[in-house]
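Trainee: So you can see what is in the structure, the chains are spelled out below.
Protein chains: 4
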Amino acid sequence: MAKKLRMGMVGGGQGAFIGAIHRYAAALDGQIELMCGAFSSNPQRAIDSGKELGIESNRNYQSFEKMFEEESKLPADQRMDFVAIVTPNHMHYPVAAAALSAGFHVICDKPATLDLAQAKLLKQQVQETGLLFGLTHTYTGYPMVKEARAIVKSGQLGALRKVVVEYTQGWLAQAETEDNKQAVWRTNPETSGLSGCMGDIGSHAANLAEYISGERIEEISAELTTFVPNRMLDDDGVALIHLSNGLKGILHASQVAVGEENNLSIRLYGEKGGLEWHQQEPNTLEVKWLDEPTQIFRTGGNHSPAAAINTRTPMGHPEGYLEAFANIYRHFGDAVHHYKKHGQSDKSSFDYPTIDDGVHGMAIIETLVQSSNSDQKWHKVST
Amino acid sequence: MAKKLRMGMVGGGQGAFIGAIHRYAAALDGQIELMCGAFSSNPQRAIDSGKELGIESNRNYQSFEKMFEEESKLPADQRMDFVAIVTPNHMHYPVAAAALSAGFHVICDKPATLDLAQAKLLKQQVQETGLLFGLTHTYTGYPMVKEARAIVKSGQLGALRKVVVEYTQGWLAQAETEDNKQAVWRTNPETSGLSGCMGDIGSHAANLAEYISGERIEEISAELTTFVPNRMLDDDGVALIHLSNGLKGILHASQVAVGEENNLSIRLYGEKGGLEWHQQEPNTLEVKWLDEPTQIFRTGGNHSPAAAINTRTPMGHPEGYLEAFANIYRHFGDAVHHYKKHGQSDKSSFDYPTIDDGVHGMAIIETLVQSSNSDQKWHKVST
Amino acid sequence: MAKKLRMGMVGGGQGAFIGAIHRYAAALDGQIELMCGAFSSNPQRAIDSGKELGIESNRNYQSFEKMFEEESKLPADQRMDFVAIVTPNHMHYPVAAAALSAGFHVICDKPATLDLAQAKLLKQQVQETGLLFGLTHTYTGYPMVKEARAIVKSGQLGALRKVVVEYTQGWLAQAETEDNKQAVWRTNPETSGLSGCMGDIGSHAANLAEYISGERIEEISAELTTFVPNRMLDDDGVALIHLSNGLKGILHASQVAVGEENNLSIRLYGEKGGLEWHQQEPNTLEVKWLDEPTQIFRTGGNHSPAAAINTRTPMGHPEGYLEAFANIYRHFGDAVHHYKKHGQSDKSSFDYPTIDDGVHGMAIIETLVQSSNSDQKWHKVST
Amino acid sequence: MAKKLRMGMVGGGQGAFIGAIHRYAAALDGQIELMCGAFSSNPQRAIDSGKELGIESNRNYQSFEKMFEEESKLPADQRMDFVAIVTPNHMHYPVAAAALSAGFHVICDKPATLDLAQAKLLKQQVQETGLLFGLTHTYTGYPMVKEARAIVKSGQLGALRKVVVEYTQGWLAQAETEDNKQAVWRTNPETSGLSGCMGDIGSHAANLAEYISGERIEEISAELTTFVPNRMLDDDGVALIHLSNGLKGILHASQVAVGEENNLSIRLYGEKGGLEWHQQEPNTLEVKWLDEPTQIFRTGGNHSPAAAINTRTPMGHPEGYLEAFANIYRHFGDAVHHYKKHGQSDKSSFDYPTIDDGVHGMAIIETLVQSSNSDQKWHKVST
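Chains as they are written, first to last, in the numbering used here: chain A, 5 to 387; chain B, 5 to 387; chain C, 5 to 387; chain D, 5 to 387.
So that you can see chain A by itself, here it is in the shape it has in the complex (with noise of 0.2 Å):
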């Protein structure tokens, strides 16, 4: 087995959620190590996040610049491999540039950043380069999701008809209070962008829908809602959608549905079986047929290879969130490995969302918006 990888982080110090987050998924298979980090836009901040992570105090960076400066002069056995970038939105674009700029590999938090056209200039940026850019899409890390692909891809549920994608919480269904950091960025537009509850968790949903079902949404009928007084970006918002080759679904995501936790989960439909799993079960997923029981797939049954590699357990012992995070790390790492070896990265052996679910996502959220906005029924999906 190669060496660990070495990870810098930019973002996910004191008070943030997500950044953690990345840690133990990075950590969970021993094979990627935190090396150097700057953790906080706040200089002070960075450096005392720095230190409760155990950084080496060398290595820890008062701002993303002065870490890509001077990760960049280490000799290269030393210096970090990839930057993981755990800011709120509005600093995605900023810190990938400067990362690709100077020669790191990304992997970063979605959205990829604030806009399409932001999404756009990192794409061209990522394909000057060469480098690497992944995107944590996490929900599609889950062996079931895997899974759920497999059975799409070999035809057994006949051609698509419907597919029904939701996302929905309560944790915004008052209005935030200053103290809660994470609620006050996500409904900034300058920090989270065109859209709150679509762009945070809704942009997971139709990813969710198009990776299992392997076609892309085309059209769009939305509506968005802000249902909080004063709140600046959508809490709350439905779309009819039409994909590719004639499926044609439902993307609803809340963030006031009192009660819901993190609830993302999809049905599909094809011509002779359906698909339905929900994420707070994750371990479960079940496969319908025109006449015969339902059946109850689970994790680390005899499935197909992609729910087989991505699961670190016997069946009955539950996989969760973070080793779904994980799975995407082991990919993105796996990607990185190649490219230490051969120099050049490998676009369709690794299993991870780019730059090109990036740029859909953002067009996605911009169609969203705009058919909001509109008495007119459908709207494109600009690509």
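Hints may be right or wrong, so weigh each one.
Identical chains blur together in the list; that is why a pair holds if it fits in one copy or across any two.
Below 16 Å or equal to it, Euclidean Cα-Cα: the simulated EDC-like pairs (lysine to aspartate or glutamate) are [said to hold, decoys possible]: (1) Lys276 to Asp350; (2) Lys344 to Asp81; (3) Lys381 to Glu223; (4) Lys351 to Asp338; (5) Lys7 to Glu37; (6) Lys7 to Glu60; (7) Lys8 to Glu37; (8) Lys384 to Glu223.
Simulated from the structure, these hints should not be mistaken for laboratory data.
For chain A, the structure is supplied; the task is to place chains B, C and D on it using the hints.
Mentor: Coordinates of chains B, C and D only, in the frame set by chain A:
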């Protein structure tokens, strides 16, 4: 206790489905007796069906016209008290109109009529005759649906924001064959009406959402689809809906959702709480709160009077579809008793769907179809 | 179809529970009519109860003795066809014996009698008279229980190894109070018998395990417990059980399991497959396999004829406790019709529990109590 | 934050199962580093396995004896801090004894030893050395198990009455084959110990019941069974159990329950409330009450500090088996840090299973076997 009520039935002979269901529902409490019937539009099948059902030969009629004529001649203490109409949709109006003209109360399967115009005519006749008209929106008969409505009324959920209601089935995922009598008439506009799936089951979903929320659907943005080639009516449909008082929602129905049985489900979210109910496990109602654990309300628990009077067994003894259906008959029967005693109807005291629900339901169906055929995003439900 | 059967009832008046359940169950199919009754051991309450139920005054009796005497005098086409006994346990035997002596078929709530000696006497009388005796072990009436039994019979599970059956409730977790009539008689040995919890509900669990597996409980190692101070009978019990043909298992019943409603559940494992069923969600049967995904069998699916003939509605229309109970009545009614036509009973053709189940059930209860009082590990069930 | 702890491992090489699990669990928090190992009793396989795991060659040992010898010679800031023992059961004692003798803390897979005598010897050595010994009863690491224990401690359930704990699997339903290394050693008394199923998984169930209830198993009436022909050890077992303070229960384990995966489940009932938890859906804890609706507690909710500190993600982001396992490592790691700082152990402050659990667990296993071989009903657990 008053003597048993005498019921006549139109439709529901050999090969029918819903007729038997009405008979079970009417019989369960031992307070209604099936005395007479015209069980088919085919005279021979009508007679054969009545014989099978043990109907006395002198009250086993070849046609509904004959039944109304002959029953009218019987003394008051022998004559049927009301007629149950369980024919295909296109016969609802003519039979109901004839029954009312002959002075009989009517309980009718849904939808009320073939189209909105008929529904309005029927409403006029109901008003003019002062007779009772019950519509069997069965699903509102479940104890936990009553409980859900009571919780909403109590204000515990705060102002309502979002409702997600769906009714999905898979039994029409393939082209219907001639020997499936149910499938044939339900997919034919002449017998079924303007809409297939939305008329057949979407109407139940819409009614359920309105019943529990206490709000009315006012605006619709819909897409109806016919997935199965050569089918004449929609077999799937989705609508964004605006209800009164700012409630928004999703109305979803499908008959091509392979593997789904009779999946009528509803979730409703207010400012302070939420509700979730699934018809296939009807004795459980999830009640969700902002900061407290979800509670599991169960049929037979210490709940509202509205739930209690619609419950026949202690907790843990599952009540099913027939019990819910029987609740509609029980309340309609109570209203008939009241009428017999007082010589007039008392709309407000009895909890069963009426012609008002019928008219509104037909208006929703027509708006769904109209919206689906339009490029304009929103259509108002005509009243 | 033959004419309706005429039913008489003993017990089940005001304040009773199970009498109403029997009435619903008998009424559901519209093929049995409650014609007469002696609804209480208190003559005034008997009369009042009958009035409430709409019984004609000349057939509303003050005592069961009077009812049997008077009904015997009526012409065959008016006289009751059978009697339903729904009294507390201690009255089962005297009423059943009197009914058989008067020439009436009997359907009786369980347990058959107060003790094993009575059960044996009753069996002798049933055999001598050739009349029908049905015992309402309700839970065997569910379609998915029929299906489970059919699967076992088919041999698909291989040789059976292990059965785990339980029936847990929480309603007696606190000391019973005088105003809870149900609790009072069920915890009194004079009215309930040797055992409280095991007699009341453990007996159902034992019967269910035997019905599905097709094997008989032969040896028992039990511990019965009275958790609530001053209670006279057990309110909880567990037994290791040995059944015929090498099947082993656990029999568990409790009435102090706080929060449990009516949790009758069974799991059965053979060499090649397993089954799981829960009474509170009775329309689902999990079928498990060595190397294949678990299958979800559902009421109304394409299952065995035994399941099909006990199902009234299509898939997804939940059938409940009353439908299961009605299935016992339906099969008993079929047997009564057969008797009326042929002048004799035909035990093997009709699927309802008989006096044989009653005798065996009483033997199990006595062995459970005997075992619980002994330091010896295993006790044989006397036959 | 302190520097990472250095871990050595004995066992867990190619073809092993539990070793990889320990590695994931140790790595997740990024606070423990696998520095060295003797990964197999076969020297060549040991070396090959270490290479695969990326262990530096100078710390990749051919035998555990060598490892303890060489590591002891290293400077304190390089030497391993503790050893994880993940061999088959029969090697637990010799390896642990050697590690303690060499001055290393030990974390060991369960059961602690091959038999009770060894466990007592080991306990003596732990006491004499003052070193730390952790036992990976993984399932007590789940947040909702912590919550369950906290609820019991709070007294909200009242005095405890009944516990039902089971651990059922189906993977040994057929005769094991030579190529299933896991099955082979677990069914061989020389490598596994006195008991198969009860030793392997019944021991986890017993531990869980004791951990949540806070009571100890004192008396046992058991039947162990070997269902699969020619198997040397039990593959199924049931015991009635008496715990301290009047708590009674059922302990059930099986490895021939076809279709079960890793079904560890517990229900616990007190005078005023009850709890239900299933390991396969570990983020849900049902909390039941006398007269209030059941509440659904969920990982990440506003629960006890004990649950909170064992939770890594927000509500609705499922935590799994590896997170629970990592919690054992986290608490053991905290204890190691404490020892390193203070030069002595502090048993009471850290929440992980110790040698006391190991001794008691072995006593339970021996009593289960003894009881199963006896005609006497009850056997006391020797202490």
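Trainee: Take the hints in turn and mark each one as holding or not.
Mentor: We went through each hint and held it up to the structure:
1. Lys276 to Asp350: neither (35 Å within a copy, 46 Å between copies)
2. Lys344 to Asp81: For Lys344 and Asp81, only the intra-copy Cα distance (11 Å) is at most 16 Å; the inter-copy one is 32 Å.
3. Lys381 to Glu223: both (10 Å within a copy, 14 Å between copies)
4. Lys351 to Asp338: within (11 Å within a copy, 42 Å between copies)
5. Lys7 to Glu37: Intra 10 Å, inter 14 Å, cutoff 16 Å: intra and inter.
6. Lys7 to Glu60: The answer is between: 10 Å across copies meets 16 Å, while 19 Å in one copy does not.
7. Lys8 to Glu37: both (6 Å within a copy, 12 Å between copies)
8. Lys384 to Glu223: For Lys384 and Glu223, the Cα distance is within 16 Å only inside one copy (4 Å; across copies 24 Å).
Of the hints listed earlier, the one the structure fails to meet is number 1.
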